[in-house]
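> One-letter residues, chain by chain:
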Amino acid sequence: MTQAFLSIRKLRKAFGAFTAVHDVTLDIPKGEFLTFLGPSGSGKSTTLYAIAGFQDPTSGDVLLQGKSLLSIPSHKRNIGMVFQRYTLFPHLSVAENVAFPLRVRRRPDGEVKRKVADMLALVRLENFAERLPAALSGGQQQRVALARALAYDPPILLMDEPLSALDKKLREEIQAEIRRIHRETGVTILYVTHDQEEALHLSDRIALFRSGRIAQIGTGEDLYLRPANEFVAGFIGNSNFLAVEHLETENGAAVVRLADGSIVKGVKAADKLDRGQKARLMVRPEAFHLTGVPGTASLAVEIVDAAFFGDRRRVVARTASGDEIDVRPTSDAADPDGADAGSSRQIFFDPAAAFLFPA
Amino acid sequence: MSVQAQQGIATLRIPEGLGGLLPALILIGLFFVVPVLALLLRSVTDPAPGLQNYAALLGDGTYARVFFNTFLVAAVVTIVTVLVAFPVAWMLAIMPPALASILFGIIILSMWTNLLTRTYAWMVLLQRTGVINRALIGAGIIDQPLPLINNLTGVTIGMVYIMLPFMILPLVGTLRAIDPMTLRAAALCGASPLAAFRRILLPLSLPGIAAGGLMVFVMSLGYFVTPALLGGTSNMMLAEMIAQMIQSMLNWGLGSAAAFILLVVTMALYALQLRLVGSKRAVGGA
Amino acid sequence: MLLDYDRLGWLKVALLGFTALVAAFLLLPVVFIVLLSFGSSRWLAFPPPGWTLKWYQELFADPSWIEAALTSARIATMTAILAVAIALLASFALVRGQFRGREILRGLLLTPMVLPVVVFAIAIYAFFLQLGLGGTTIGFVIAHTVLALPFAIIPIATALEGFDKSIEDAAIVCGASPLQAKLRITLPSIRIGIFSAAIFSFLASWDEVVVAIFMASPTLQTLPVKIWSSLRSDLTPVIAAASSLLVALTLGLMIVTALLRRKLQT
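Residue numbers (my numbering), protein chains in the order written: chain A, 5 to 363; chain B, 117 to 402; chain C, 5 to 270.
Derived from the structure by calculation, the hints contain no laboratory data. Each hint should be verified, as a subset may be incorrect.
Simulated coverage check for chain B against chain A, where a stretch passes if three residues somewhere in it have a Cβ under 8 angstroms from a Cβ of chain A [unchecked claim]: (1) 299-305; (2) 316-327.
Now the stretches of chain B that chain C is said to cover, found in silico as 3 or more residues with beta-carbon under 8 angstroms [what the hints assert, rightly or not]: (3) 195-204; (4) 354-364.
Even for Gly, the Cβ is constructed at its ideal location relative to N, Cα and C.
Using the sequences provided together with the hints, build the complete structure.
What follows is the structure in structure tokens.
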């Protein structure tokens, strides 16, 4: 990694006996789009608030280009932020909202006008300059908030679930807008969301939070294809977990026995496991197939329910050990009617697409 | 319950139309609207038909002075009340609930305590030989007692005391309706606390300040008890003058005319206040 | 950050200090009057040279004080009952009625709250002189009910606005008559509003000075009139004793209100 632009060093935040953030350490290079993803209460917003200066951390440090931010009050940090709720100043017009950070910095009038025009063009709201925020839709308000946060060219832009109050269609529209603006301005963005699709769509890297700690940090592909632990595997995408027994390690991959007694070789394992240890094998629903090819593993199941969805089938199957699993194979002409409810059959998966975690 | 009683109850009902308003309308119509209109009539008929009462009131320097005094006192009281109430309302709006309920308790106790009791206390506190003068002399700050009563100072202190709750309580509502996130956004935009106050917090609370201030001003204009007891003869207010015209001078014509002038001014300002409160709601919805 | 209590820094210290001063200012006269009522100085010296109960003895020895207090209590109770009853009927019409001019009528009923009392006082005084109601209990109750009505309508109408009418309709569907539904479902649901209305209208009459000064006769005077006329002659500590009892009454009312609210809300 290149020299860190923004560094979070062993950041801890405790509210009484409850610790919201446990010693989080992170380095963010300039220009990166990093998303804090996690369920609510996982510490992602608290970390963001410490960077913004809304809350003092209990211990740890936040460094921007090597200098600590903690002793600097919010209004001197020169950080941009877009909030979850609409926080436009209701008594000021759209143009005056965008101009606000420049006016408090006492920039000359001409420069303010030019910059406001640029910013409104950036978020494509040139024609709304004189409106009051109340006369705008939620999506437009968040675009104004974005323009206001970028008007003073802050080195970092914080976004705290900025799309959570919008409906799905608007959300997708503004996601595209945010990607474009990130590309055009090159600003470093720290983005908080609990929506994994949003995180995967937008980010260069994702830091997945769990109970105040980072469970894994990496690209979306890393998290999806190479989850570091069962929590990550379960949180990102859909997963099935099969109860298995670990037999041995062979050529750097694990060999396990499924509940129906069949042996599967060549499975990737996150941790080192002992011989005979109980373990859980993660298989994505779309990694299952209804037809087997050489090298795939097979699993005996009873079909509980099956439906046809064009490009894929959605099948609920029960394994020999009684677990219900979610199976979404591609629709396969070679196996047109083999998945009727109530029938028993074999389904197949590629061991290389499965992950082994300790139980 | 017998069948007849059942039917009796079934036909009895609390009306939800105009009918329910009847008792209230009779009371207000007969014992409020009629007497006030009769008073207005008297101002143009007593002692003889014509506008001579109004001419006398508006043409005479003595009365002009009373009008001026009334507006001056109301204005001073309003300004002081707003300045004192704002910081208190601000803290009340954001302080921990336990602390806020103690402060609310003090405000309610002061507001619900008998008006004469409170005014009496200020008379005793402010008089020449009163506690405040003695304390100041005792501390060596002054050597002659300050004239704190029977003048503008006394009226202002007493009236501000009475008006404070009427300003603080609605302002707390206004301030609580402002999203604290808005102020956080202002800070991150680079606004110092002073700039955030001047450009965001103050403008956003202005509708509440204006509505509350206007209410205090209107109430002060027509106030009788406190100015009569704490004020001096040289700065008499309108309400006291009206009372004197009726009670001591038995000049019903002049008194009615003065009362009607007070009524018109009050109602005009009240209408203005209603419009302000209306516009505040519109902004609050943003 | 200006609205984040924990992030105000030195500003919080300054504002809290100022708020404490204002709280002291609000409390000062109330506390002071109670202390003085137990002080032994006839000229209200403070701190008092000694402590005594003689002002209370003088107060209770004087039948005109007792008489005045009883008169006030009688008038205020009748006013409260009348005002709440009229306000209850009016509120159903104002909140649920569908007729033209509803807002104007609401404004009319609330006007006595805004009009300077002195204007109403001389108007009703002149009117009652002609009707022969001046100086009578009935006259007092009518005048005070006019003044108390807005303070009774506002809390009841507010409570009724917050009550979902479909609950009442559900009771009627269950077989209750419209009156039964109102008595058993609606009125209990808005009882906090009714209770506030009763307290406010009682206080509106109990504390009313201006109308009372004009209407009082030598045979019928309320407590505020008694205090008023005593105040104008001299600042005797007996007034402090009477005032302290009024403060005690206020405190009692506040405590009862707080307890009842807590009980009614759960």
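> All hints, please: hold or fail.
Tested hints:
1. Chain A is given as covering the stretch 299-305 of chain B, and this holds because 6 residues of the stretch bring a CB closer than 8 angstroms to a CB of that chain, at least three being needed.
2. Residues of the stretch 316-327 of chain B lying with their CB closer than 8 angstroms to a CB of chain A number 3, which satisfies the three-residue condition for coverage.
3. Counting residues of the stretch 195-204 of chain B whose beta carbon lies closer than 8 angstroms to any beta carbon of chain C gives 3, which meets the minimum of three for the stated coverage.
4. Closer than 8 angstroms: that is the beta-carbon criterion, and the stretch 354-364 of chain B has 5 residues meeting it against chain C, so the requirement of 3 holds.
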